[in-house]
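Engineer: Read off the chains here:
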Amino acid sequence: MRIRGTIIAIPLALIAALSPISVIAQEVKLIGSGASFPFPIYSAWFKDFSKQNKGVTVDYQAKGSGAGIQDFTNKTVDFAASDAAMTDEEIAKVADGVVLLPATAGEIVLAYNLPGNPKELKLPRDVYPDIFLGKVTKWNDPRIGAANPSLKLPDLPITVVRRSDASGTTFVFTKHLSAISEAFAKEIGSGTTVQWPKSDKMVAAPKNDGVTATIKQTPGAIGYIEYGYAKLTKADFALLQNKAGQFVLADTKSGEATLATATLDSRLRGWIEDPAGADAYPIATFTWQLYYKKQDPKKAEWLRKLVDYCVTTGQKLSDSMGYIPLPANVIEKIKTASAQIQ
Amino acid sequence: MAANAFESAAPPGAITHPPSSNEYLVDRGFRLLAVFGASLIILLVGYILWKIGGLALPAIYNYHLGFLTSTNWNVADQKFGILPEIWGTLYSSLLALLIGGFFGLTVAIFLTQDFLPLRVALVFRTIIDMLAAIPSVVFGLWGIFVVIPAIRPIANWLNETLSWIPFFGSSLSGPGLLPAALVLAIMILPTVAAISQDALHLVPYRTKEAAYGMGTTRWEAILKVMLPTAAGGIASAMVLGFGRALGETMALAMLIGNSNQISLSLFAPAQTLASLLASHFPEAGQVEVQALMYAALVLLAITLVVNMMGTAILTLAQRRISGRS
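Just so you know, the sequences run in chain order Y and G. For the first sequence, the positions run 1 to 342 when the numbering used here is used. For the second sequence, the positions run 1001 to 1325 when the numbering used here is used.
Certain hints may be false.
Covered stretches of chain Y (in silico footprint by chain G; criterion: 3 or more residues with CB under 8 Å from a CB of chain G, positions within the stretch not fixed) [unchecked claim]: (1) 58-70; (2) 157-167; (3) 196-203.
Chain G regions said to be covered by chain Y (calculated; three or more residues, Cβ under 8 Å) [stated by the list, open to error]: (4) 1142-1155; (5) 1163-1174; (6) 1260-1273; (7) 1278-1292.
To be clear, the hints were calculated from the coordinates, so they are not data collected in a lab. In this text, all values refer to a predicted model and were calculated from it rather than measured experimentally. Beta carbons are placed, not taken as given, at the ideal position from N, Cα and C, and that holds for glycine.
Modelling step: build the complete structure from the supplied sequences, incorporating the hints.
Structural biologist: Written as C-alpha cells, this is what we have:
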C-alpha cells in the first residue's frame, strides 16, 4: 500500500520516456531538455503530439532546469524547459533571441506522516517556516496544536525531509518561505540549493520520489513535494494558511485562484511568492518552455504548432495529472508571443 | 625472420621443429597487445586524473586547503567545503568494514574449515557471491523499506536509555548513518568473504594437520594457526572491502540522509563524498562543478591512500609469515 504509488510511477515514467523512440518515420525531430518537475505531463503531451502529427518526433530529456538552460545556451537543443524561467543575463547570452512561454503550473504541498494518519492538518503561516528553520521541533508544539484543536498530535520529533539535489521545487518553496518569514529570508534565503540548518532532524533525499518515499517511511516526517506526486502516492498533506488568513488545501481550484493573482512581465515571467486571494493556495508556480526567436523555418513552424497544442489540447490533461491549467488570459498572451518563434 | 639460429641447428628429419616465423609473429603480436592493454589502463587513469584535476584547478585556486576543513556547501554564496563529507565517508565505511569485515571473515572460516560438506559449501559460496550482483539501488530501497523500520525501535531505545554515550546521542527518525552503514556492510560482505576464502584456501592443508598433530583443538587451529597464516590475504580482503565502501554511491544517497553535518551519533544523518557528487552534479552551475571536481579529487586521493596502506600491510604480513625480512 505504502509503496504502490512510487512503484506505479516508475513504469509510467519509463513508458513515457521510451515512447518517443518508437515513432520511427520522422522527418522533423524536435529535441528539448530541462526541468524534471513538468516531465510527466510534457512526456504525455509530446507523445500525443507526435502521434497526431505523423513525421514529427518530440524528444524531451528531463535533466533539470539548470542543465536545460545550459543546453539551450549551447544550442544543443531546439527548445528547453525551466522552472526558474531565465534571468536577463542568461537571456543576453543567447544570440538568436529567446521566447519564454509558461507551459503549465504546479503547486507544492507539505506532505506529512503522523501515526494514525490524521487528515487535514492545518499549518499557520508563522509556523511552517519555523518548522523548516528547525525552530518548531515537536508535533505537539502548542503553536501547531492551537490551529488544530480537533487533532491529537503526538509527542514526536518533527523530521524535516528536503531535496538533496538542486531543484526548481526547492527554489519556489524557499522563495515563498523567504517572502512570508523574515527570519527564513535572513538565515536561509532562496535558491535551487540552499544551506539548510544543521540538525539531526533534517534529512535529504534525491528527487521528488525520494522525498516522498522518505516521508512515507518516517513517522513524524514533513517535507515539500509536488502536488502531483502527493496525489499519485496518496500522501497526506497539510492545509496552509494563505495571506488572507484562510487555511487552503492544494487542489486545482485553489491553484487556479493562485495563478489568477500572477502578474507577468513583458517576457511572460512572474513569480507568485505570496498570493493575496482568499481561496488562493500559497505555494504555486508556473513552469516555462524556452524557444529561440530565430531558427530553421520548418522547425519554427512545428514548434509553433507544438506551443499551440500545449496551450489548447494539452491543458485538458493538467487536472488529471496533478497540474494546474493555465488561466485564459495567460493562454492569450502565449498565443501572441509564440508568433515570435520564426 | 631470415636468420633463425634454430633453423640451421635442426637435425634433418626431426619431429620437433623450431618456431616458425608465423609463430614468432603471433608471439610478438600477443606481447604487443598485452603491453598495449596494460599501458592503456595506466593512460586511462592518468587521463582521468588530468581531466578531473584540470576541471578542479579553479576551485583549488579559490578554496585552497580550506576546502577540506570548511563545513559549508552554499551555492548562493559560492562557499564550498567538504569536511562533513570526508568525515561521513570515512565514518560510514569504517563502520561498514567493522560489521561486514567481521561477518565476511566468519563466513569464510565457516565455508573453508571443514564445517560443511564441500558441495553444501559451494552452494553457500554461490549464494554469497550473488549478493554482489544485486544493484545498488535495490539495496537502497531495501534499506528504506526494511532496515530503517527494523532498527528504529532499537535505536530509539538506545537513545533514550544511553543518550550520554555520544554514539547514541540522537534518535533515529529515518535515514541516518547506522542504516547506511548496515546496508554498506552487506554490500561489501561478498568481497570480503570471497577474498578471505581464497586466502584460507591457500594455506596448505598440512599446516592444519601439523597443528592437530600437536594436539590443538579445532578452534585453536583456526584462530592460532590458520588465521595468522592467511592474515595477508585477509587484510587485503578488508582493504578491498573498505575501498568498495568508500566509493559506494546510490544506496548511500538514499539512506544516509545527506545532511551536511558532523556528528558522532550513529543515528544522525550524515553525508558522503560520493553521495554529494551524485546528488549535486545534475543541476550544478560552473563554479559548483569545479568544487565538485575538487571533491572528486579528494575522494580519489582517499581511495589511493587506503589502497596503498592496504598494500603496505599486505607486504608486511607476508614477510612476517614467510619468515623473510
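Engineer: Which of the stated hints cannot be reconciled with the structure, identified by number in ascending sequence?
Structural biologist: none
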